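Chains A and B, in that order, give the protein sequences. Numbering of the first sequence is given in the numbering used here, commencing with residue 1 and proceeding in unit increments. Numbering of the second sequence is given in the numbering used here, commencing with residue 1 and proceeding in unit increments.
Since the hints were made in silico from the structure, they are not lab data. This one's a predicted model, so the numbers in the text were calculated from it and none came from an experiment. Hints may contain errors.
Cut-off 30 Å, straight-line C-alpha distance, at most; resulting in silico cross-link-like pairs (BS3-like, lysine-lysine) [what the hints assert, rightly or not]:
| hint | chain 1 | residue 1 | chain 2 | residue 2 |
| --- | --- | --- | --- | --- |
| 1 | A | Lys77 | B | Lys77 |
| 2 | B | Lys173 | A | Lys66 |
| 3 | B | Lys173 | A | Lys77 |
| 4 | B | Lys158 | A | Lys315 |
| 5 | A | Lys403 | B | Lys158 |
| 6 | B | Lys92 | A | Lys66 |
| 7 | B | Lys158 | B | Lys93 |
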Amino acid sequence: MAAPYDLNDDSVVVIIGSGAGGGTLGNELAQKGIDTVILEAGGRHEAEDFINDEWASFGQLAWLDKRTTSGDWRVAKDFSGLPAWIVKAVGGSTTHWAGASLRFQPHEWKAKTTYGDVEGANLLDWPINAEEMAPYYAKAEDKMGVTNTNGIPPLPGNNNYKVFEAGARKMGYKNVHTGNMAINSQDRDGRTHCQQSGFCFQGCKFAAKWSTLYTEIPKGEETGKLEVRPHAHVLQIQHGEDGKVTGVLYADKDGNQHVQKARVVAVAGNSIESPRLLLNSASSMFPDGLANSSGQVGKNYMRHMTASVYASFDKPVNFYRGTTMAGIVQDEARHDPSRGFVGGYELETLALGLPFMAAFLNPGGWGREFAAAMDNYDHMAGMWIVGEDMPQESNAITLSDEKDQYGLPAPNVHFSDHANDIAMRNHAWQQGTAMYDAVGATQVYPTPPYPSTHNLGTNRMSADAKDGVVNRWGQTHDIANLFVSDGSQFTTGAAENPTLTIVSLAIRQADYIAEQMGQKAI
Amino acid sequence: MMTNERGEGVNRRDFLAASGKTAIGAAMVVGSGTLLLPSQGWGMELKALKPETMATMLQMARDIYPHDRVPDKFYAKALRAHDDASVDDDAKKALLEDGVGDLNARAGLKLTNAATEKGGYLDLGWEADRVAVLRDIEDSDFFQTMRGSLVVGLYNQKALWPLFGYEGASAEKGGYIERGFNDIEWV
Numbered sequence: 001m002a003a004p005y006d007l008n009d010d011s012v013v014v015i016i017g018s019g020a021g022g023g024t025l026g027n028e029l030a031q032k033g034i035d036t037v038i039l040e041a042g043g044r045h046e047a048e049d050f051i052n053d054e055w056a057s058f059g060q061l062a063w064l065d066k067r068t069t070s071g072d073w074r075v076a077k078d079f080s081g082l083p084a085w086i087v088k089a090v091g092g093s094t095t096h097w098a099g100a101s102l103r104f105q106p107h108e109w110k111a112k113t114t115y116g117d118v119e120g121a122n123l124l125d126w127p128i129n130a131e132e133m134a135p136y137y138a139k140a141e142d143k144m145g146v147t148n149t150n151g152i153p154p155l156p157g158n159n160n161y162k163v164f165e166a167g168a169r170k171m172g173y174k175n176v177h178t179g180n181m182a183i184n185s186q187d188r189d190g191r192t193h194c195q196q197s198g199f200c201f202q203g204c205k206f207a208a209k210w211s212t213l214y215t216e217i218p219k220g221e222e223t224g225k226l227e228v229r230p231h232a233h234v235l236q237i238q239h240g241e242d243g244k245v246t247g248v249l250y251a252d253k254d255g256n257q258h259v260q261k262a263r264v265v266a267v268a269g270n271s272i273e274s275p276r277l278l279l280n281s282a283s284s285m286f287p288d289g290l291a292n293s294s295g296q297v298g299k300n301y302m303r304h305m306t307a308s309v310y311a312s313f314d315k316p317v318n319f320y321r322g323t324t325m326a327g328i329v330q331d332e333a334r335h336d337p338s339r340g341f342v343g344g345y346e347l348e349t350l351a352l353g354l355p356f357m358a359a360f361l362n363p364g365g366w367g368r369e370f371a372a373a374m375d376n377y378d379h380m381a382g383m384w385i386v387g388e389d390m391p392q393e394s395n396a397i398t399l400s401d402e403k404d405q406y407g408l409p410a411p412n413v414h415f416s417d418h419a420n421d422i423a424m425r426n427h428a429w430q431q432g433t434a435m436y437d438a439v440g441a442t443q444v445y446p447t448p449p450y451p452s453t454h455n456l457g458t459n460r461m462s463a464d465a466k467d468g469v470v471n472r473w474g475q476t477h478d479i480a481n482l483f484v485s486d487g488s489q490f491t492t493g494a495a496e497n498p499t500l501t502i503v504s505l506a507i508r509q510a511d512y513i514a515e516q517m518g519q520k521a522i
Numbered sequence: 001m002m003t004n005e006r007g008e009g010v011n012r013r014d015f016l017a018a019s020g021k022t023a024i025g026a027a028m029v030v031g032s033g034t035l036l037l038p039s040q041g042w043g044m045e046l047k048a049l050k051p052e053t054m055a056t057m058l059q060m061a062r063d064i065y066p067h068d069r070v071p072d073k074f075y076a077k078a079l080r081a082h083d084d085a086s087v088d089d090d091a092k093k094a095l096l097e098d099g100v101g102d103l104n105a106r107a108g109l110k111l112t113n114a115a116t117e118k119g120g121y122l123d124l125g126w127e128a129d130r131v132a133v134l135r136d137i138e139d140s141d142f143f144q145t146m147r148g149s150l151v152v153g154l155y156n157q158k159a160l161w162p163l164f165g166y167e168g169a170s171a172e173k174g175g176y177i178e179r180g181f182n183d184i185e186w187v
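Using the sequences and the accompanying hints, generate a full structural model.
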């Protein structure tokens with residue numbers, strides 16, 4: 001058969017979501033000749049449609065459906081309806097992401113073994129390891145064109161990087177470079193190289209940054225075996241009397257509801273929507289939601305330990321020019337409990353435009369101190385801090401009493417920092433501040449976390465079915481033809497930006513799904 | 001000659017000669033529904049809010065985000081949506097009118113005659129004194145409505161970006177690859 005597919009075609013693999021996990025899985029399956037339908041809740045905006053304007057782009061791309069928040073994280077106070085800054089569009093959050101593509105460190109696959117018991121943390125080892133993942137990482141790096149791999153040269157450092165690098169060198173940091181970025185430093189794979197436009201977060205208008213939107217998806221479509229259906233917002237996964245999933249109910253652009261039948265369903269809606277969909281699909285057979293015999297669906301929500309440091313200097317930096325995040329210090333990524341916490345963190349350059357700087361520098365801040373910082377905008381440098389946070393069972397996506405536009409329970413996102421997260425953040429703020437002080441900062445601004453971009457862990461992978469939702473292949477422990485293909489399968493978060501790992505897991509999962517289908521096991 | 005928002009030429013002397021004019025802070029109220037910023041050739045026809053209320057909101061906006069190189073008109077533009085919204089939204093209008101009334105009361109000077117008297121908040125000559133009043137109400141709906149609208153409405157004005165050294169959209173200029181993405185020499 002060939003795309004597009006009929007609603008009653010029950011031979012297709014249905015993937016929910018078209019981002020790093022879903023978009024990659026869709027192409028990988030299509031390349032193997034498997035009939036695949038990706039249902040994407042958002043619309044399709046091609047690269048030329050992207051907008052070099054932060055708020056306008058946010059309106060174009062961001063997932064703005066109803067969400068509620070709770071917990072002691074500051075986001076719940078400052079952005080109570082916006083717990084996460086992720087995307088509702090074809091390409092998912094790979095349209096918005098910065099491009100940082102780092103492998104986990106080997107010990108991070110074994111957090112429980114490495115860190116031991118951490119009070120209040122629901123740590124678990126991944127059922128897979130670095131050696132097993134290495135070939136899939138290599139495939140992902142090649143697919144995505146990651147700099148400093150496969151002979152691909154590094155990106156040039158921009159002004160923000162120059163300040164960052166000089167500070168890092170004065171601090172004695174050794175592992176300092178412009179990153180492993182899925183952004184073309186030279187023309188590759190039919191796409192041009194980075195034009196240093198400075199709007200990575202708004203969707204790259206030059207398509208120099210890897211996104212499934214203009215790589216995996218069109219490649220899959222060219223096979224005739226992949227259909228991407230935009231404005232198809234999945235409401236429920238359906239199952240038969242045998243407990244196997246049979247299809248999904250979705251709403252189209254006009255709100256009309258349809259059922260797409262399926263042989264296999266893979267959920268890749270990011271770590272808020274994926275568990276919410278499983279919970280909202282509860283039935284008499286599965287009263288606690290699909291694939292939830294462990295009770296872990298929605299639990300262990302992680303968002304990475306994050307923060308930023310911005311600093312003002314007596315001379316201009318113009319840090320908004322050029323790649324948003326091409327600069328990294330990796331010296332603090334190690335596990336070294338002598339610092340007062342387990343796990344580690346990365347320091348990565350970051351710039352925001354003026355409108356978002358106003359919104360995020362110190363949310364809720366006002367008065368002359370705030371305004372003076374904004375007055376220094378073109379004399380600022382900036383970095384983002386991203387580190388491993390502790391999974392906690394009480395941090396969770398649950399169904400809210402409030403309803404979304406379809407009358408379904410909205411997700412509530414509950415998060416409170418673990419003491420380890422706080423200790424790590426304070427250390428990172430100190431180190432980032434010292435870096436900028438070392439190159440003559442006149443003011444430093446320790447900036448709190450933004451709405452979450454790295455949402456992880458809410459359908460976690462476990463060796464034992466009682467500890468998690470999916471097995472080592474992302475296949476749910478409870479339902480053989482139901483898979484999870486996004487960051488929600490992360491057992492622990494590691495210090496690194498998650499996209500490369502999500503893509504690597506999707507490539508690996510595609511091999512497994514094809515094999516299982518070939519054996520008629522699913 | 002100044003131009004108001006509707007592009008109508010207005011002559012300052014005519015307004016000064018008109019009855020009911022009064023200066024409030026940097027702004028000037030003319031008649032019953034117009035707020036002028038004489039030094040900037042910019043005015044605002046108010047549809048719902050009292051001009052005196054808007055004049056106080058304007059000062060409050062400057063005190064929330066005090067950028068001394070940013071002219072009043074940018075703040076006024078950011079506040080205009082409040083007036084627009086107040087036309088059909090009595091609750092919003094009341095929130096703002098009552099909020100300003102409360103601000104004036106807290107400033108210790110009662111507003112006795114809107115047409116001829118200065119407002120209490122505006123009589124506080126030093127920013128620090130006004131900010132002390134704002135700190136007392138910063139958790140109120142009124143303050144948060146003002147701050148929340150300004151943080152987008154002020155900083156998202158493209159015409160204001162050059163004052164902060166932000167260049168905005170770059171793709172149509174080919175990005176910064178040939179335009180200074182790595183041009184600093186001081187580090």
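Taking the hints in turn, this is what the structure says about them:
{"no.": "1", "hint": "A/Lys77 to B/Lys77", "in the structure": "holds (27 Å)"}
{"no.": "2", "hint": "B/Lys173 to A/Lys66", "in the structure": "violated (37 Å)"}
{"no.": "3", "hint": "B/Lys173 to A/Lys77", "in the structure": "violated (39 Å)"}
{"no.": "4", "hint": "B/Lys158 to A/Lys315", "in the structure": "holds (24 Å)"}
{"no.": "5", "hint": "A/Lys403 to B/Lys158", "in the structure": "violated (36 Å)"}
{"no.": "6", "hint": "B/Lys92 to A/Lys66", "in the structure": "holds (23 Å)"}
{"no.": "7", "hint": "B/Lys158 to B/Lys93", "in the structure": "holds (28 Å)"}
Of the numbered hints stated above, those contradicted by the structure are hints 2, 3, 5, listed in ascending order.
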